[in-house]
Each structure stands twice: as C-alpha cells, then as structure tokens.
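Could you put the whole structure together from the sequences, leaning on the hints where they help?
As they're listed, the protein sequences go chains V and H.
Its first residue numbered 1, the first sequence is counted upward by one per residue in my numbering.
Its first residue numbered 597, the second sequence is counted upward by one per residue in my numbering.
No wet-lab data here; the hints were simulated from the structure.
For clarity, every value in this text was computed on a predicted model and none was experimentally measured.
Don't be surprised by glycine CBs; every beta carbon is placed ideally from N, CA and C.
Watch out, some of these pointers could steer you wrong.
[What the hints assert, rightly or not] The list that follows gives simulated cross-link-like pairs (lysine-lysine, BS3-like), each with its CA atoms no further than 25 Å apart:
# : chain 1 : residue 1 : chain 2 : residue 2
1 : H       : Lys725    : V       : Lys475
2 : V       : Lys152    : H       : Lys725
3 : H       : Lys640    : V       : Lys515
4 : H       : Lys761    : H       : Lys725
5 : H       : Lys602    : V       : Lys466
6 : V       : Lys244    : H       : Lys626
7 : H       : Lys761    : V       : Lys152
8 : H       : Lys626    : V       : Lys359
[Claimed, not checked] Sample of chain V residues facing chain H (criterion: CB under 7 Å; computed from the structure):
#  : residue
9  : Glu97
10 : Ile151
11 : Met291
12 : Pro363
13 : Asp512
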Amino acid sequence: MQTHQYEVIIVGGGGAGLMAALNASRGAKTAVLSKLYPSRSHTGAAQGGIGAALGNLEEDHPEWHTYDTVKGSDYLGDQDAIEFMCNEAVEAVYDLEHFGLPFSRTPDGRIAQRPFGGHTNNVTGKPVRRSCYSADRTGHMILQTLYQQCIKNNITFYDEFQVFDVLVANGAVAGVVAVDLATGELHVFQAKAVVFATGGFGRVWEITSNAYAYTGDGVAICLRRGIPAEDMEMFQFHPTGILKLGILITEAVRGEGGVLINGEGERFMERYAPHVKDLASRDVISRAIYMEIRDGRGINGKNYLYLDARPETINKYAEADGRTRPDGTPYRVTGEEILSKIPDIADFCRTYLSVDPIKDPMPVQPTAHYAMGGIPTDVYGRVLVDDKNTILPGLYAAGECACVSVHGANRLGTNSLVDILTFGKHAGLNAAEYVKGTDFQNLPEDAAGFTMAQIDQMRNGDGTEKVAELAQEMKREMFNNVGIFRSEAGLKAAYKKIQELRERFTHIRVQDQGKIFNTELINAWELGNMLDLALVVTESALARTESRGAHAREDYPKRDDANWLKHTLAWLKDGQVTLGYKPVTITKYQPKERVY
Amino acid sequence: MQITVKIYRHIPGVDTQPRYDEYTLDVDPKERILDLLENIKGFKDGTLAFRRSCAHGVCGSDAMRINGRNRLACKVLVQDLDTDQIVIEPIIGLDVIKDLIVDMDPFFEQYRSVLPYLINDDPLPADGKERLQSQEQRARFDDTTKCILCAACTTACPPFWANRKYVGPAAIVNAHRFIFDSRDHGAEQRLSRLSEPDGVWRCRTVFNCTEACPREIKITQAIAEVKEVLASGKINYKGVQIGPERVGSG
Ligand SMILES: Cc1cc2nc3c(=O)[nH]c(=O)nc-3n(C[C@H](O)[C@H](O)[C@H](O)COP(=O)(O)OP(=O)(O)OC[C@H]3O[C@@H](n4cnc5c(N)ncnc54)[C@H](O)[C@@H]3O)c2cc1C
Ligand code: FES
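Pasting the structure below:
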C-alpha cells in the first residue's frame, strides 16, 4: 500500500473540483483525485448556460438574480448564501472568459445571453436574458477551459483513482483512502484538508439525465463517517428528458421559443403558469406534465408529451406572446437559426430518436436530474456536522454533492454552474488558508481497514444476489414512489423495499476476483452508496409533511411555513436514519406564495 | 431481434493471449451498443471491462472499434449497424490494459504538448469585463471547440499506428482551437511544436480521423489549415478583419 502526502486533496475533477484545485494550489501543495479522467466529468454534459446578471442585452441586476433564486428555491434556500452567489456570478463568468472560454457572442462581441426558466425582470415579471452560453455546450466549454487552466498551472492529478473513505483523527481531517483503478492497489493520501466535489446521484432513479458516474460517492462516504446529509428529499426532475432514455433536452430550447404541447395539441403551460408559461420553474413544469399525463392528455394517451421547436410553432407562440428581440423587432426564427443555437440537441434527437427537431416535435418525459441536497456546508465550503453548524476542521465540499444551501427545494436552471464555480473557488481558497495554520494529523492505524472491509464483503458474499438486479429494483422503486409526486403510502413502501434491497446487498459476490480495472467491484460499491442515499432520501421525504419545490406530497399539497420552513439533516447509523432540522436563513425576502 | 456480439478479451500480463468471447442477446434495435455491454456485464459476465460515463456521446469515455470502425458505444444504436453480428474491440495504437480499456496516458501527453490553453499576457479589459470577440471571429474556431478527447480520431489514423510518437489528429485539433482564436497569442509556440518531425507533417490526409469523429469535427480540414499557417507563416482568418497576424515573421 502506498502512502502520499498533500496539504489539500480534492476529490473530483469536475467543475467544482477543478475550480477548487486552481485556487487551492496557489497556496498549498494540492492534488486532485478523480474516478474519471477530469474531462469526462458530468459538468461537460451541461448544456444551456450559466446565469449571471451581466446585463449584456437588457437591464438586469444581481439582486434580481438573488430574488429569482430565493423564489425558485421555494424559500428553502439560505438567502445570505444566495446573495453571495449571485453577486459572485458576474465575476465568475468574466473569469471564465479571461481563461479563454469560447462563449457565444452578441452582435457587438459581448458574451451572449438567453432566457431561462424562472429568471425574470423583477419589475415586469417577464423572462430576462441572463443565461450566458456557448451554444448548447456550455458545460463542455467550462470543463475544457478549467482543465486547460489546470494543465497550464501544472496541477497534480491522480486520474482514475476512486476515493472510498475519508479519515478523521482527533476531530480533524487526516486524509483519504483511494483505489487506483488500473492496478486495484489501495493508496492512502495523508492530507490536512479534503474537498469533496464528487457530483450528484441521479442514478438512483430509473429515468435520469445523469451519467453512470452519478452514484453519490462523496455524500455516502461522509454519511458512513457520521456526517449528516442535508435536504436530501429535494431532488429535481427536469421536465424534458428524451422519452425512455432520460437524456436531457435543455431548457434553452424553450428559452429560444420552443413550447410544450399535450396530446390535444394544447400549449398547456398557459394554464399552469400564465405569466411565464413554458419558462416556469422546473418543479412547476414537471408536475404539470405529470398531471397532463395522469389526466389522459399525454400523446396518444401515453406517458409522454411533445416539446415543439419547429420554427412555425415557435413563431406562432412568439407572436401570441408579443415576444420581441432586444432591438424591439418581433421575435421570429428560421430553422437554421434554431439549429445553430442547439446543435447538440439536434444531434441527440437524430441519433437516439431519428427525429429532426425543426421538422418534428420531440417526445419528452420528466427525468431525474439534480440533487439540491447533499453534504451541509457554509459559503466557504466548510462542512457543517450538526444543527448548530459545527465545523469539522479540514473537511470541505463543493458543487452538486454539497448543500450550502443556495438551491433550497428547487434549483433554477443555470444556477448549478454558478454554484460549482463560486463555491469550488471558495472551498479551494479556504482550504489553502486553513492548512497554513495546521499540522498533518497522524494517520490512524490500519488507515485502509474500513475500505478493505467493504471490499472484502463484496468479494466474499454468498453470491445469492446480483448487483444488476438489485440496481434495477432500486431504480424502479425510487422512480415510482419517490419521484415527482409522493405520498405516505408510497414512501413507506419504498422505505421497506430499500431496506430489503440493502439486506440483499450483503449477499452479493463479485464474479471478477482480479485487481486490474475491476469495474464490477466498483459498480457494486457504487450501488451500496446509492442504496444508502435512497434510504436517506426516502426517510427525509416521508417526514416532510408538506409540498415545497421539488418535494410534492399528494397527501399534503400545500407549503407549510409554520412547521416546515427548515432544513432537514439526516444521519445514517447502523442502517437506520435519524433526522434533525436547522433553520433557514431569511434576510430580505419573506416567504410568500409562489406564482409564475 | 437476436444478435451475436463478439468481444475482444485480454488482460496483458495475466492472460497468455487475447480471445474473443461471444454472447447471444435478445435486443431492441434502438438499444445503444453501450446498453448491450452493460447488459452483458450486469447479467452474463461481470469480468468484462470498459469505460463509460455520460451515455450520450459527450464525455468521450467509450471510444472503441465497433464492426471495424472507431465509434462511441453510447452513440451507436444496434439498428445503425445493419447486421446481427457485432464485433467489439479496443481502439488501436494505445496499449490494452483490460479488454476494451486502453492506456490513455500517452494520448493525454500529446494533447498537453500543444499547450492547450489560452495564451495571452495582455492586460485584461480595465472594466474587468469580457474581451470582445466578434461573432465571425468566434465562428472561426467553433468546430474544433467540440472535441471531447475520446481518441477515436487519433487511434483511427494509419500514420499514428505506424509511429506512436506522432502527435496525432486530436492534439492538432486542440492546437487549431487556440491558433484560430482571435484572443490567443500562443500560435508561435504551438506551431513550433507542430513543425517537429512527429508533428503535423506526418498527416497523410487519409481522412480516417474525420470519419471517426463522433462530434463531426472536420478534422482533416483543421489539420490542413494548421499546415497552411505553417507553410505561409500567416493565420488565415478567412474574411475576418479584426485580429493581427501573430505568427512572427517566419
Ligand atoms: C445533462 C445535464 C445538463 C445540465 N445543464 C446545466 C446547465 O445548463 N446549467 C447549469 O447550471 N447546470 C446544468 N446541469 C447541472 C450541472 O451540470 C452539474 O450539477 C454540475 O456540473 C456538477 O458539477 P460538479 O463539479 O459538482 O460535479 P461533476 O462535474 O460531475 O464532477 C464530479 C467529479 O467527481 C469525481 N468523483 C465522483 N466520485 C468520486 C470518487 N468516489 N472518487 C474520486 N472521484 C470521484 C468524478 O470523477 C468527477 O470528476 C446539467 C446537468 C446535466 C446532467
Ligand atoms: S459514455 Fe460518454 S461519450 Fe459515451
């Protein structure tokens, strides 16, 4: 077993991790451990854009962005953190441009911006152009650009190293344990600070926009070490996934004028969100789609609807809405213009559906997309381990695996990319600052013991259960009972099922007994992580007897601020979930009814 | 429909020699090749090894040879292949570590060698805002920004198979992305790297790279444009007015 020593270890090479690395490495000896080559991270899949009130095409302000985010969060977001992020967003986008990011441009050469769901002009209530984009490949460009900067700055990477455990000694971080996937060898990294930036866990659900790698490793590792997870019941379903496959079709399609159409040919969002219609918040639209389908208005009565981006459709509704371009002329588009704005979406439609989006409507259904919840942190990325916001010295988290909380009960589109840049940066800066004044903790004896025990269990079970089967059962159960709409009966059934699956998991035995790229073992371990998270999500959702943002209870259809304006904290011990709560920070905006 | 899938299996240093394992599957013609691999790994043979993550052609993990052509397994549907016999092998020119997984390190080394990052030491705009770039300037290098570093192009290239030191199409694509970016000042350094013996002149215009690219980047054209800059000493921005020539005198 090899041992290494770095002041700061960053776990994850996506947007948040690379941003943390760039900032930490200026002041501390830093290395990035990533289970994927950094350029394979899921940040690269982000399509529509990054929100920042640059005001390049029309009036806009960080305060408007703040308010929209607070409202989007259904008032569960912490308002001090949201304000911090929306102010930082502007500089974050300019930083990216200075790093070389090839943004799409306005006619006068500035960064181009487009409308996105929930982002509004706070005076008129109309959609505002706030999403800074590079066609429909914004995440790809961000990931590439940050990786390029890491190369320029000689950041140390351990590619295809999967972290299994975080070590804590004397109440402070001591390091991490990782498996080198190519050799199967265990490595112990002694570190003064560890930043988790491991992304989300959408693979818990059957239909998802998320990568295979989205198995929630960071949150699960922390849970096993007694650290709680915050607001785990808040998981976003994006309204427009490609039918059955779940592959995302960005909201930018609607930003460019595309509309949702039901089986009766109706633009039904007019009924649910009369002001912003197809650009309402994601939770609102996903529920509307669900209700349309439930009431028999899916396409041919089936469980999907159409997203229509044909120029004739776009122009028809743009005219009805009186939509104009920044220069005041009516908004009318050609097929060519649409294709130039969403080239990758067009490619996905052709590849996977044999559909040309400017000639045919796209069949869509909601898809599990984004974890608002995660490892509790403050705005400096410091991990908070209880309801009194006690810090665990040296432990940091940023990006989708963290919960600051800036997204509350529902994230607005474009705000995750802002989140990963802002909090990745601050976590990196603060980790570097922290390590200056502290010594390495001695590694515990048998540092890799816990990891070995987990691996041994998966190698030596009695083999009566199969990982792939358990995974399928979990995904189906979670999609059906812990999805867009939830109820006590469904959640209780899911809880029971997940506990059953967790028991069955102890009987698996991986067939591959080799060491080199034993991806079967890795997949099995990842399933274990997902089962832990599924349990925590379900129990958190069962307790929250109200509907707020992405958490919609059929049996409690109203938001209940008197009892539930608070964050959930969930601990997992000996296979049981314990819940606690902590208050939401309200500064300027008192909760009110949320109408779009 | 019923299909047979033959997969290359080998762990150098463990197995004495490579073999092909054959599986018979009942599939929906709309399934991705990646779905077949997942199915085989999950239900038939857990020891099969391949990389994957995004499952929709944007992360670059799963370039492999599918019926003799370099493709992303997640971007090819069974029905695209027009046959019920599917052969899956690792890409050529990088060492196999296990089954369909090859050693990508040399590939990333070549990528790094072309200085794939913006080089520009000019002061930033005084107002802290963005540098200006016209839509035409931005369009000039759009195609080569799409690269996902999957290596499908480089490992389809006969000159690369013949000489693994050749920097390869993917690295040239990434050099192109910066050379033609009006904000970049590093063309000279990159071009000097690309004019080395294992640089751009090893390209024999076979077009395999362009055919292999899952992002439909016009790679051969990009390489030709880089060659042209080297030959003429000038960056042809093609009708774009702004942006001085930055290749020095040579
Ligand atoms: C299809 C799609 C489109 C999206 N579009 C947008 C958009 O337009 N705008 C927006 O704001 N947001 C968007 N999002 C959301 C946003 O892209 C993600 O939330 C964000 O990129 C997450 O970044 P991250 O750095 O937290 O994680 P990632 O980029 O996923 O990085 C996670 C990293 O952690 C590593 N890792 C994980 N586990 C381990 C482990 N055990 N050991 C070592 N390494 C590990 C991985 O290798 C990876 O490098 C989109 C999401 C999807 C899925
Ligand atoms: S799995 Fe990402 S490109 Fe195929």
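Hint-by-hint comparison with the structure:
Distance check on the hinted pair: H/Lys725 and V/Lys475 sit about 45 Å apart at the alpha-carbon level, beyond 25 Å; violated. At roughly 22 Å between alpha-carbon atoms, V/Lys152 and H/Lys725 fall within 25 Å of each other, so this suggested pair holds. A C-alpha spacing of about 20 Å is found between H/Lys640 and V/Lys515, which places the hinted pair at or below 25 Å, so the restraint holds. As the CA atoms of H/Lys761 and H/Lys725 are separated by approximately 41 Å, the hinted pair breaks the 25 Å bound.
As the CA atoms of H/Lys602 and V/Lys466 are separated by approximately 24 Å, the hinted pair is consistent with the 25 Å bound. About 11 Å separates the Cα atoms of V/Lys244 and H/Lys626, which keeps this hinted pair within 25 Å; it holds. Between H/Lys761 and V/Lys152, the direct Cα distance comes to roughly 22 Å. Compliance with the 25 Å bound is thereby established for this hinted pair. At most 25 Å may separate the alpha-carbon atoms for a hinted pair to count; H/Lys626 and V/Lys359 meet this at roughly 21 Å.
For V/Glu97, the shortest C-beta to C-beta distance to chain H is roughly 4 Å, which falls under 7 Å, so the interface hint holds. Nearest Cβ of chain H to the Cβ of V/Ile151: about 6 Å, under the 7 Å cut. The hint holds. Because the closest C-beta pair between V/Met291 and chain H is about 28 Å apart, greater than 7 Å, the hint is violated. Using the Cβ-Cβ criterion of 7 Å, the hint placing V/Pro363 at the interface with chain H is not satisfied: the shortest such distance is roughly 13 Å.
The interface hint given for V/Asp512 holds, since its Cβ lies 4 Å from the closest Cβ of chain H, which is under the 7 Å cut-off.
The structure is inconsistent with the numbered hints 1, 4, 11, 12, although it conforms to all the rest.
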